[in-house]
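Visitor: Spelled out from the first residue to the last, the chains are:
There are 2 protein chains.
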Amino acid sequence: MDNRPIGIFDSGVGGLTVTGRVLQVMPNEEIVYFGDTARVPYGSKGKETITRFSCQDVRFLLSKNVKAVIVACNTASSNSLEQLRESFDVPVFGTVIPGAAEAAKKTKNKKVGIIATAATVRSGAYEKEIKKADSQIEVYAKACPLFVPLAEEGWVDDEVTYLTAKRYIEPLLEKGVDTIILGCTHYPLLRGCIEKVAGENVTLIDPAYETALKVYDYLKERNMTRTLEESPEYKFYVSDTTDTFDRICSKALEKKYTAEEINIELF
Amino acid sequence: MDNRPIGIFDSGVGGLTVTGRVLQVMPNEEIVYFGDTARVPYGSKGKETITRFSCQDVRFLLSKNVKAVIVACNTASSNSLEQLRESFDVPVFGTVIPGAAEAAKKTKNKKVGIIATAATVRSGAYEKEIKKADSQIEVYAKACPLFVPLAEEGWVDDEVTYLTAKRYIEPLLEKGVDTIILGCTHYPLLRGCIEKVAGENVTLIDPAYETALKVYDYLKERNMTRTLEESPEYKFYVSDTTDTFDRICSKALEKKYTAEEINIELF
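Residue numbers (the numbering used here), protein chains in the order written: chain A, 31 to 297; chain B, 31 to 297.
FYI, nobody ran anything at the bench for these hints, they're computed from the structure.
On a predicted model such as this, the values are computed, not experimentally measured, just so you know.
You may find that some hints are simply not true.
Since the list gives no way to pick out one identical chain from another, each pair is judged satisfied if it fits inside one copy or across any two copies.
Stated by the list, open to error - List time: in silico EDC-like cross-link candidates among lysine to aspartate or glutamate, alpha-carbon distance up to 16 Å:
(1) LYS136 x GLU159
(2) LYS135 x GLU240
(3) LYS77 x GLU291
(4) LYS141 x ASP208
(5) LYS250 x GLU60
(6) LYS77 x ASP273
(7) LYS286 x ASP276
(8) LYS158 x GLU168
Assemble the whole structure, with the sequences as input and the hints as a guide.
Guide: Rendered as structure tokens:
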């Protein structure tokens, strides 16, 4: 057994939706969460910057003695996962590989859409992983830069969000996709509007659940799960304190937690 | 005379609209521009973080031997101007004081609206400066978190932007404002939609022009203008290289410039 916590990081608060899934799948594990709210978003930035920030995030989590790291940010997963795995002596899990595998399993007509940040789309990481699973699958990706601010503004069931979703998603529907990956951890918060545009014949994939399952399998196989009986602790850290953390935290985890502020530039 | 350049910084690319005004008012001055594109936006973040970042930005500009600093970012102007003036031995100009003075001059019914980022609105800086100019003026402020991403997405004359502008601006119109301050340097890029919602009876104030005039007066009075006859140089630095800089630069300055990337965390 290994009673140390699991580390989870994200560019901000989107990773709380992944954290919700992790708690659901592994209710006995302790969690240390870091949200880089001072430098959020990563999705509009370049690969080198994203990787530099992600390395600092992992160094912070390692200072909290974590046994594994979940990159609960598609932008960082798709741009920086390899670099993180090379740089650190801790198992690192991203959202892209589990999400891509699930989409490849679910599609019937072999046409998969991806909606994500500009940096995730530019990386081509989802496409690469889907093609690895099944090279016959056609992949269409669309960057949706307004979805993160819309989710953070709380306009989740809203005409503006619906019109924006139409603008972004209709080009994928015209290509005939039967499966769409929600390739950013904020997007499950907008699921209502996305579903309304995509229609009931399109399967939406949220990589968070598959990611949580994969981490669980890994820990179980290696006898690394937490075995203590007392209730696990959850700790939340951010690089800037704002209201958005509280709002999204209550929504994603159905409970309010207080986050402690740290200076990530020192890591 | 003082032939050193003027330093201008912003959280990202919005300050390029201010730079355009500076070049118009002072065509013989040299410019060093820094856009903190790796950590953009500032407008959703807390006062301490904004001030820490702004101090780094000024330290970088000072390393380029500037004779004055323009804070071409309303969020930094409204949260950090006093701290910057205390910390550095260089004249520092913000957008808030000139913008507030102009609004106080233009309003006839003494009702002024402010649209800005969440952090600018929270600071109360515009309100304080308007009340200083005329304590009778009623001030109504509205945070518009979606305007920056809409401007950066390039949806400047667009149904989604128009609907969003209606949502943000109608509450101000209901209060009867006859003057609205564009309290974020990105907003002039959305002027078309904002004007359509505000109507022709409302005066829109862009603080950039007043800010440029104020800097010009300051330099002229102190005999600090550039007197060299050869064409001035403009230098642009960013903390992350992305397409957005090029796009907004071409739009705001009507010319393309190439920005050099630097690591702002080292300052």
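Visitor: All hints, please: hold or fail.
Guide: Status of each hint after checking the structure:
1. In this assembly of identical chains, LYS136 and GLU159 lie within 16 Å of each other by CA distance solely inside one copy; the values are 14 Å within and 59 Å between copies.
2. In this assembly of identical chains, LYS135 and GLU240 lie within 16 Å of each other by CA distance solely inside one copy; the values are 12 Å within and 60 Å between copies.
3. Only between protomers do LYS77 and GLU291 lie at most 16 Å apart by alpha-carbon distance; the minimum there is 13 Å, versus 26 Å within a single protomer.
4. In the homo-oligomer, the alpha carbons of LYS141 and ASP208 lie at most 16 Å apart inside one protomer (6 Å), although the nearest pairing across protomers, at 53 Å, exceeds that limit.
5. In the homo-oligomer, the alpha carbons of LYS250 and GLU60 lie at most 16 Å apart inside one protomer (15 Å), although the nearest pairing across protomers, at 63 Å, exceeds that limit.
6. Within a single copy, LYS77 and ASP273 get their C-alpha atoms only as close as 28 Å, which misses the 16 Å cut-off; across copies the closest is 13 Å, which meets it.
7. When the C-alpha separation of LYS286 and ASP276 is checked against a cutoff of 16 Å, the pair qualifies only within one copy, where the shortest distance is 7 Å, while the shortest distance between copies is 41 Å.
8. Within a single copy, LYS158 and GLU168 get their C-alpha atoms as close as 11 Å, which meets the 16 Å cut-off; across copies the closest is 57 Å, which misses it.
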